[in-house]
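*Asks:* Relying on the hints, combine the two individually framed chains into one complex.
Keeping their order, the protein sequence lines are chains V and Y. As numbered in the numbering used here, residues 120 to 699 make up the first sequence, in order. As numbered in the numbering used here, residues 2 to 383 make up the second sequence, in order.
Derived by calculation from the structure, the hints in this document are not laboratory data. From the three backbone atoms N, C-alpha and C, an ideal C-beta is built for every residue, glycine too. Among the clues, some could well be false.
Unchecked claim - In silico contact screen, one side only, chain Y against chain V (beta carbon under 10 angstroms); selected entries: (1) Cys-266; (2) Val-285; (3) Leu-308; (4) Leu-359.
To be verified - Computed beta-carbon distance windows for the label pairs: (5) V/Asn-550 to Y/Leu-293: 55 to 61 angstroms; (6) Y/Ala-353 to V/Asp-357: 39 to 45 angstroms; (7) V/Asn-550 to Y/Ala-353: 33 to 39 angstroms; (8) Y/Lys-340 to V/Asn-142: 46 to 52 angstroms; (9) Y/Val-361 to V/Asn-550: 23 to 29 angstroms; (10) Y/Pro-279 to V/Asn-142: 30 to 36 angstroms; (11) V/Ser-597 to Y/Pro-296: 50 to 56 angstroms; (12) Y/Val-361 to V/Thr-635: 18 to 24 angstroms; (13) Y/Ala-134 to V/Asn-637: 41 to 47 angstroms; (14) V/Lys-204 to Y/Leu-293: 41 to 47 angstroms.
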Amino acid sequence: MAKKIGVYVCECGTNIAEKVDINRVLTAVSPLKDVEVAQRYKLLCSGEGQDYLKQSIEEHNLTHMVVAACSPKQHELTFMNVCEKAGLNPYLFQLVNIREQCAWVTPDGEDATNKAIRQIRAAISRVHYHTALEKKEIECSPDVLVIGGGIAGIKASQLLATPERKAYLVEKTSSLGGKVRSFSKLFTNMESGLRLVEQEVESLQQNENIEVLTESEVEEILGFLGNFEVKVVNKAKDKELKFNVGAVVVATGFELFDPKGLPQYGYGKLDDVYTSLEFEEMSIADGHTKGKILLKNGKPPESVAIIHCVGREEKGYCSKVCCLYSLKFDRMLKSQLPGVKISHFYSDLCLPGKSYQRFYEDTKEIGATFIRSAKTGVTGNEKGLTIDYETEAGSKGNSAADMVILLPAMENSSDAQKFAEMLKIPLDEKNFFVEEHQLLSPVASAVEGVFVIGCARGPQSISESIVQSEAVAGKILSILVPGKKLELEARTSEISESFCTGCKTCIDVCPYGAITFNEARRISVVNQVLCHGCGNCAAACPSGAATLKHFTFPQIYQELAGVLRQECREKNRECNRKLI
Amino acid sequence: MSDNKQGATFPAEGGVREGSLDFIRQALSQGCFDAVLIPAKMPLSDSFAYALIEDESLLKDAYPLCPIMTVQGARVISALTRRGKGKKVLSAWLRPCEVRATVELSKLGQINLENIILISIDCPGVLPLADWAKEPEKTESAFSELVKGIDIEGVRPICQICDKFSATGGEDLHIGTIGMQDSLLLIPNSPKGRSILDNLGLQAAPDISDWQSQVDALTADRKKKREQAHKELESRAKGLDNLLHTFSTCINCHNCMRVCPICYCRQCFFDSDNSKFPFEDYLVRAEAAGGLRLPPETLLFHIGRMLHMSLSCVSCGACEDACPTSIPVAQVFSLVGSKNQKAFDYVPGRSADEPLPLRVYQDREFEEVEQSGARAPAPEET
Numbered sequence: 120m121a122k123k124i125g126v127y128v129c130e131c132g133t134n135i136a137e138k139v140d141i142n143r144v145l146t147a148v149s150p151l152k153d154v155e156v157a158q159r160y161k162l163l164c165s166g167e168g169q170d171y172l173k174q175s176i177e178e179h180n181l182t183h184m185v186v187a188a189c190s191p192k193q194h195e196l197t198f199m200n201v202c203e204k205a206g207l208n209p210y211l212f213q214l215v216n217i218r219e220q221c222a223w224v225t226p227d228g229e230d231a232t233n234k235a236i237r238q239i240r241a242a243i244s245r246v247h248y249h250t251a252l253e254k255k256e257i258e259c260s261p262d263v264l265v266i267g268g269g270i271a272g273i274k275a276s277q278l279l280a281t282p283e284r285k286a287y288l289v290e291k292t293s294s295l296g297g298k299v300r301s302f303s304k305l306f307t308n309m310e311s312g313l314r315l316v317e318q319e320v321e322s323l324q325q326n327e328n329i330e331v332l333t334e335s336e337v338e339e340i341l342g343f344l345g346n347f348e349v350k351v352v353n354k355a356k357d358k359e360l361k362f363n364v365g366a367v368v369v370a371t372g373f374e375l376f377d378p379k380g381l382p383q384y385g386y387g388k389l390d391d392v393y394t395s396l397e398f399e400e401m402s403i404a405d406g407h408t409k410g411k412i413l414l415k416n417g418k419p420p421e422s423v424a425i426i427h428c429v430g431r432e433e434k435g436y437c438s439k440v441c442c443l444y445s446l447k448f449d450r451m452l453k454s455q456l457p458g459v460k461i462s463h464f465y466s467d468l469c470l471p472g473k474s475y476q477r478f479y480e481d482t483k484e485i486g487a488t489f490i491r492s493a494k495t496g497v498t499g500n501e502k503g504l505t506i507d508y509e510t511e512a513g514s515k516g517n518s519a520a521d522m523v524i525l526l527p528a529m530e531n532s533s534d535a536q537k538f539a540e541m542l543k544i545p546l547d548e549k550n551f552f553v554e555e556h557q558l559l560s561p562v563a564s565a566v567e568g569v570f571v572i573g574c575a576r577g578p579q580s581i582s583e584s585i586v587q588s589e590a591v592a593g594k595i596l597s598i599l600v601p602g603k604k605l606e607l608e609a610r611t612s613e614i615s616e617s618f619c620t621g622c623k624t625c626i627d628v629c630p631y632g633a634i635t636f637n638e639a640r641r642i643s644v645v646n647q648v649l650c651h652g653c654g655n656c657a658a659a660c661p662s663g664a665a666t667l668k669h670f671t672f673p674q675i676y677q678e679l680a681g682v683l684r685q686e687c688r689e690k691n692r693e694c695n696r697k698l699i
Numbered sequence: 002m003s004d005n006k007q008g009a010t011f012p013a014e015g016g017v018r019e020g021s022l023d024f025i026r027q028a029l030s031q032g033c034f035d036a037v038l039i040p041a042k043m044p045l046s047d048s049f050a051y052a053l054i055e056d057e058s059l060l061k062d063a064y065p066l067c068p069i070m071t072v073q074g075a076r077v078i079s080a081l082t083r084r085g086k087g088k089k090v091l092s093a094w095l096r097p098c099e100v101r102a103t104v105e106l107s108k109l110g111q112i113n114l115e116n117i118i119l120i121s122i123d124c125p126g127v128l129p130l131a132d133w134a135k136e137p138e139k140t141e142s143a144f145s146e147l148v149k150g151i152d153i154e155g156v157r158p159i160c161q162i163c164d165k166f167s168a169t170g171g172e173d174l175h176i177g178t179i180g181m182q183d184s185l186l187l188i189p190n191s192p193k194g195r196s197i198l199d200n201l202g203l204q205a206a207p208d209i210s211d212w213q214s215q216v217d218a219l220t221a222d223r224k225k226k227r228e229q230a231h232k233e234l235e236s237r238a239k240g241l242d243n244l245l246h247t248f249s250t251c252i253n254c255h256n257c258m259r260v261c262p263i264c265y266c267r268q269c270f271f272d273s274d275n276s277k278f279p280f281e282d283y284l285v286r287a288e289a290a291g292g293l294r295l296p297p298e299t300l301l302f303h304i305g306r307m308l309h310m311s312l313s314c315v316s317c318g319a320c321e322d323a324c325p326t327s328i329p330v331a332q333v334f335s336l337v338g339s340k341n342q343k344a345f346d347y348v349p350g351r352s353a354d355e356p357l358p359l360r361v362y363q364d365r366e367f368e369e370v371e372q373s374g375a376r377a378p379a380p381e382e383t
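Looking at chain Y on its own, in the form it has when it is part of the complex (with noise of 0.2 angstroms):
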C-alpha cells in the first residue's frame, strides 16, 4: 500500500448502499460520468446482473456490493469495449478482483479503458452461487447479516483468503468502508479519480490512516491464511497421481474456461479441432499406457489453461463458483498463479503499464535459467 493515498469521506449514514448510490447520483448530476455499470437485482428479483445505467432513477435496484458474483465485471467491460472505446464516459463498479482482471485485459487487448473510470470497493466476497440459487431469499438476508463485519465466514473459500480485496492499484477510485462508521472513504489513485472529487468539491485530505491500518491489519491476516490453505493444497494436489485425483470429477463442460475473465480467445484450443485426433492414435495411446481416460485431454486441458492464463489470474474464483461437481479449481489456480506470479514479479491487475511477463525480454530471467541449469543435479554415473 502506498503511503502518500489521500481520501475524502462522504457520507453514508444509510449504509454502504445508500451512501455509494447518493455518491453516485451526485456525480451524475454533475457530470463526471455519463452512465453507470453496476450490479442490479433483476425486476424478477430472479437474480443480480450487471447492467449498464444511464436513468438515475434506476439506480435504486442498485446492489455495489451484491451477495454472489454472476458474471465476472471485467467480462462485461471487454464485451462493452472490445471493439473500441464509447463516446460516453462510463464508471463501472467493481470488486477489486473484477478490476484487476480488467486492467489485465486492457494489456491484452481485450478492454479500452480510455473512457471508463474504474471504481473499486472493499469487498467483503461473495458467497457461492449454488447457495443462491438453492435459496435466493436466505442468501441474500444472510449477505446482509454479513456484509456489517468485513472478516466474514460463509463467503466463498476463495474469498476468505483473498488478501487484495481493497485497493489494488489499477483503480481509478477506491471507495474504502473498512472500519467507517455512517460515512465512505473517497481513495482517488488516478487524475481520472481526482478529477471525481474536484467536480463534487470534495478535499481528498492525508489522514486515513484507520482506514488503512484496519486494511493492512487484514491484508496480513488473509495472507497467512492464504499461505496456510496453499500449503494444504498442495500437499493435496501436488504431481500428477495427486492433479488426476483432484480434477476425477471434471465432467469436461469448460465452464471454468467460459466463466474465466482471463480466458480471452475466441475458441479454446481445447474446443476446437486442433485438439482432436484420428481415433486410431487413442487406440495407440491406450495400448501404450493400458487404457486411456475419456474424454481425453480433461486434465490436459486444466494444465493447459494454468499455462495461459496463471501469470494474469486474480483468484476471482468465477471458476469454481461455475464448477458444477464442486472441483475447488479457485483455489487451485490460485496456488499456481502466486508461485508463476511470484517467479516474474508480477501482479496482475497492479499497473495498466506493467508488461506483461511472456511479452518482454530481460536478461536476467536468462541468467537464471543458465543458472538453474548449472544448479540441476549432474547426471548419475553408472
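So that you can see chain V by itself, here it is in the shape it has in the complex (with noise of 0.2 angstroms):
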C-alpha cells in the first residue's frame, strides 16, 4: 500500500510561529516523498486542533502521520490518542520538537526556520520505517500486600480491601497500630492515641477482605507490577504462607535515633533522663507507672525540660513533629502536675500549618518557658539534673530540672535495608526510601508496583501519614482494577534467538533487571512486562541481536540521515566531492 504522510505544524500560539518561517517549512517539506498534506494550525493540542487532526487523517486516508509542535513529553500522548480516536496506529506517528528544541534555543529565525525543515525531514524519513505496534495486556492480581501495621498500613488496608481485593497486612510484632498506640494523647485536640488505634483495629477486623498477619515477617518478594509473588512467615508459629498480590505497600514507620550517641545529654547514664517515646508510654494507663507521671524516686518531678533537636544536626535534617509533640507533653504535664515547670530548650521552633501556631500560643499560656539554646547539655548529682545550654550570642546559662526529657530525631525502621534489597528501591542519602518524583509522585518508589508511605518516607504526622495512604489507595485502585488488565509499554526491546550470542552484556547494562539468561537455549530473554525500552541492551548488543521497537536501526539511521542529508548537500555545493 502506498505511503500517505500526514505533516502537521503546531503555531502553538506565537511560540513557534514567532520564530519560524511556518510556510517556508511547509514549502520545504511538501514535496518529499510520500507527503499527502502539509499544514499549519493555530494550537494543535486544542480540543479543535484535535478535532482538525482527526478529520484530516480520516479525510487524507494517512497511513502515516508528522506532527512538529512541542515536547512529546508535553503532547505526544495527545496525538497518539488522536491517531487511535482516527483509527491510525499511534505508532505510526512521529512528534518533532520545535518549541524547546528549535524556536526557543534558536536566536536567529533564518537558523530556526532551517533548522526546523531538517527536523521535520528527519521525522519523515523515520516514519516511513515505522511499524505498528500493539500494546500488550496481562492478568494482574488486584490484591495488595502492605507491610507495617502502624496507622499508615492500617488506614491503606481498609481503603484498599474491597470485596474484590484482598489487603493482606503484614505486622512483625504481635499488636497493630504501630508507635501510635504509646501515645496517651495526640495534638492538637488531645485524644487518646490507644483509642484511634482500637477504633481502626476494629473496623480493620471487621473487613473480611483483610488478612492480618501479626508476628510475621516478608522474606521474599518476587516479580513486577499486577504479579509479585510473596513469601510470609510467621515467626510464633513457625508457618509459611505464600501468595501474589498486584501491588506492594511499604509502611514500615520509624524508630527514634539514639541518644546514647550523643553522650553530652547523659542518656542512659543519669536517672530520668527519657526520650519522647519513653515519656509517652509512661503517660499511657496501662504503662508501668499506670499513667502517673513520676520521677525514678517514685516523686512526681517539679519541674521538666525538653530538649529539642536531639541528633538534628548529625542526621542533617529535621523531623518536623518533635516540636508539635513537644507542646502535647506540656499539656500532659499540666494537666496532671498543675505546678509543674516547664523549660523548652530549642534552636528553631518548626510550627508549620494552619493549627500549630495557636497551640503553641495556647500552650505557652499555661506555663512553660522557651530557651532558646544552640548548645545544650546535662549534667547531673545527688541534688538533681542540670540543663546548661548557650545562646547563639555565646552567652550561658544554666537551669536545674528533675526530668529531662529529650525529643531525639526519626529514623527510618532498621528493616528499611533489608527492603530496600528485596525490592529494589533505593534509599536516599539520608537512609529514608527514595520518591519516584518529590514532588509529583511522591507515594510512589522507582519500581513501578512497590509504593512507599508513612514515615518510610521521611518523618511524617498522623495525619500526613494517614493523607499518604489515601493517595496510594488511589493510585492502587486506579493502576489495578479487578477483571481489568494491565496495558504494557509497547515500546520494549526484544532480543532476536538468532542473532544472540550468549555473552550476557545486556544483562549488565538492563537498570531493571528486565533481561534474563535462558541457561537451555543459552540466550538473553527480555522481560515484556519489566521492560521499560529504555534500549541500554540495544546500544550495548555487539551482534544487533537486542533491538527497542520503535527505536530500530533502520529507524535511527534514517532519521539521523534525514537530518545530515540537507548538511552534506549545502556543504558540497562549495566544497570539493569525494567518493566515501
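*Replies:* So this is what it looks like as C-alpha cells:
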C-alpha cells in the first residue's frame, strides 16, 4: 500500500510561529516523498486542534503522521490518542519538537526555520520505517500487600480491601497500631492515640477482605507490577505463607535516633533522662506507672526540661513533628501536675500549618518557658539534673530540672535496608526510601507497583501519614482495577534468538532487571512486563540481537540521515566532492 | 610481572618441542589431564592445525610451537565449550595471545574454562600464513632456524612488536624457554597449574630471575618498538582520509572478522540485512556526496568492528594473516586497541575476574566525561 504521510506544523500560539517561518517549512517539506498533506494550525493540542487532526487523517486516508510542535513529554500522548480515535495506529506517528529544541533556543529566525525543516525531514524519513505496534495486556492480581501495621498501614489496608480485592497486612510485632498505640494524647485535639488505634483496628477486623498477619515477616518478594509473589513467615508459629499480589505498600514506620550516641545529654547514664517515646509510654494508662508521671524515686517531678533537636545536626534533617508533640507534653504535664515548671530548650521551633501556631500560643499561656539555646547539655548529681545551655550569641546559663525529656530525630526503620534490597527500591542519603518524584509522585517508589507511605519516606505526622494512605489507595485502585488487564509499554526491547550469542552484556547494562539468561537455549530473554524500553541493551549488544521496538536501527539511521542529508548537500556546493 | 613467581625446571635436552612433549606424556600418564589440545602437523603435511589428542602415541605429530597460526586457539576452545564444559579435563597448549583471547571469550560467555587448563609458552612469533602457503618446507625450516633465538626477524610484523609474548596472567601454567639451556621452566599461575606440578612431584622454586630478567629486557625492547611502530602508523592512518586510504584495497571479504577470536557474534551486523538499505537510499547518498564507493559501508565495517572488539583485542594478528590484499589490519587494530584499553586501564586477558570495561559503571568515568566537556573549547563568538 502506498504511504500517505500527513505533516502538521503547530504555531503554538506565537511560541513557534514568531520564530519559525512556517510557510517556508511547509514549502520545503511538501514535495518530500509520500507527503500527502502539509498544513499549519494555531494550536494542535486544543480540542479544536485535535478534532482538526482527526478529520484530516480521515479525509486524506493517512497511513503515517508527523506533527511538529512541542516536547513529546508534553503532548505525545495527546496526539497518539488522536491517532487512535482516527483509526491510525499511534506508533505510525512521530512528534517533532520544534518548540523547546528549535524556536525557543535558536536566536536567529532564518536558522530556526532551516533547523525546523531538517528536524521535520528527519521525522518524515523516520516514519517511512515505522511499523504498527500493538499494546499488550496482562492479567494481574488486584490484591495488595501492606508491610507494617502502624496507622499508615492500617488505613491503607482499610481503603484498599473490597470484596474484589484482598489486602494482606503484615506486622512483625504481635499487635497492630505501631507507635500511635503508645501515644496517650495526640496533638492537637488531645485525644487518646490508643483509642484511635482501637477504633481503626476494630473496623479493620470487621473487613473480611483484610488478612492480618501479625508476628510475621516478609521473607521474599519476586515479580513485578500486577504479579508479585510474596513469601511471609509467621515467626511465632514457624509457618510459611505464599500468595500473589499486584502491588506492595511499604509502611514500615520509624525508629528514634539513639541519644546514647551523644553523651552530652547523659541519656542512659543519668536517671530521669527519657526519650520522647519513653515519656509517652510512661503516660499511657496501662504503662508501668499506670499513667502517672513519676521520677525514678517515685515522686512526681517539680520541674521538667524538654530538649529539642537531639541528633538533628548529626542526621542532617528536621524531624518536623517533635516541636508539635512537645507542646502536647506540656499539656499532659500541666493537666497531671498543675504546678510543674516546664522549660523548652530549642534552637528553632518548627510550627507549620494552619493550626499549630495557635496550639503553641495557647500552650505558652498555660505556663511553659522557651529558651533558645544553640548548645545544650545535661549533667547530674545527687541534687538532680542541670541543663547547661549556650545562646547563639555565646552567653551561657544553666537551669535545674527533675526530669529531662529528649526529642530525638526520627530514623527509618531498621528493616529498611532489607526491604530496599528485596524490592530493589533505593534509599536516599538520609536512609529514607526515595520517592519516584519528590513533588509529582511522592508515594510511588522507583519500582512500578511498589509504594512507600508514612515515616518510611521521612518524618511525617499522623495526619500526613493518613493522607498518604489515602493517596496510595487512590493510586493502586486506579492501576489495579479487578478484572482489568494491565497495559504494557509497547516500545520495549526484544532479543533475537538467532542473533543472540549469549554474552550477557545486555543483562549487565539493564537497569530494570528485565533481562534473564535462558541456560538451556543459551540466550538472553527480555521480560516484556519489566522492560521500560530504555534501549541500553540495544546499544550495548554487538550482535544487533537486542533491538528496541520503535527505535530500530533503520529508524534511527533514517532519522539521522534526514537531519544530515541537507547539510551534506549545502556543504558540497562549495566543497570538493569525494567518494566515501 | 609479579615478583612472587616460582618455577620448576623440566629437562629438555632434545629441545623445546621434545621437552614439552615429554612433559605432556608424563602429565597424561599421571592423570593431570585427560586430553591435550595442541597444534599438530596434519598427516598429509599440508598444514598445522589444532588437534584434540587423547592417544599419547599421536603426540609425535604435535608441535607446541608451530611456525604459523592457522586458526586462533581461542576460537578452537570456543567451538569446544560454547555449549558448556566437558566432562574430561583438557589441557590447551596456546600462544600467550591465544590464552588472552580465551580469557576474553570466557568473560563473554563463549568459553567455559571449568575443565580447561590453559598452558602458554614463551612465543617467538609466527611466520606469515602466505609464506607457508607458497613454500611450506622452506618456511618450516626457516622457522626452526629462527626459533633458536627468541627475538627474530622474519616473523609477522605484529609479532615483531608484541610485548606480551610470555606469561600474561590468564594462564594456569606457563612454560618459560627464553634463555633456558636444555630445560624448560614450568611456572604455575593458578591452583590448577600448581596441582600439575604437585602431581608430577616437581618442586617450584622462587629463583627464576635469570629467565625473568631476560623476559623483562625483551619486553622493554618490544614496548619501545611497539610505540615506535604505532607512532609511524598513526601518521599514516589517522583521520578519515588516511583511513580510507589504508583500507582502500579492502575487498569486503570480511575474513578479518571471521578469523578474529573476539568477533564472537553469530552473524556480523555488517553481513546482516540490517545494514542494507533500499537502492534509492544509496542514490540519495551518492547525490549528496557526489558519489558513493561500493559496496557501501566498507570503512564503516572496520570502524564498527573496532568499536565492538578493540577493548578486547589481543593483537594476535589473525586478521592480518587472513587479509588477501595485505592491509595492515592487525597493526591498525593494535594501535586503536592500545589507546582504548589504556583509557580504561584494561588489559585484555590479564585476568578472568577483571570485568569488561563497558559492562561496569564507575562514578570516576562520569567525572571524566564532565571534565572533558568542561575542557572542550567554547564555541567561537561571531
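*Asks:* Look at each hint and say if it fits the structure.
*Replies:* Each hint tested on the structure:
1. Cys-266: 4 angstroms, holds
2. Val-285: 7 angstroms, holds
3. Leu-308: Since the shortest Cβ distance to chain V is 8 angstroms, the answer is holds.
4. Leu-359: Hint on Y/Leu-359: holds, closest Cβ of chain V at ~7 angstroms, below 10 angstroms.
5. V/Asn-550 to Y/Leu-293: 55 to 61 angstroms: 60 angstroms, holds
6. Y/Ala-353 to V/Asp-357: 39 to 45 angstroms: 43 angstroms, holds
7. V/Asn-550 to Y/Ala-353: 33 to 39 angstroms: 37 angstroms, holds
8. Y/Lys-340 to V/Asn-142: 46 to 52 angstroms: Given range 46 to 52 angstroms: holds, Cβ gap about 50 angstroms.
9. Y/Val-361 to V/Asn-550: 23 to 29 angstroms: For V/Asn-550 against Y/Val-361, whose Cβ atoms are near 26 angstroms apart, the range 23 to 29 angstroms holds.
10. Y/Pro-279 to V/Asn-142: 30 to 36 angstroms: The hint (30 to 36 angstroms, Cβ to Cβ) holds, given that Y/Pro-279 and V/Asn-142 are roughly 31 angstroms apart.
11. V/Ser-597 to Y/Pro-296: 50 to 56 angstroms: 55 angstroms, holds
12. Y/Val-361 to V/Thr-635: 18 to 24 angstroms: 20 angstroms, holds
13. Y/Ala-134 to V/Asn-637: 41 to 47 angstroms: 43 angstroms, holds
14. V/Lys-204 to Y/Leu-293: 41 to 47 angstroms: Once the Cβ atoms are compared, 43 angstroms apart, the range 41 to 47 angstroms for Y/Leu-293 and V/Lys-204 holds.
The structure shown violates none of the earlier numbered hints.
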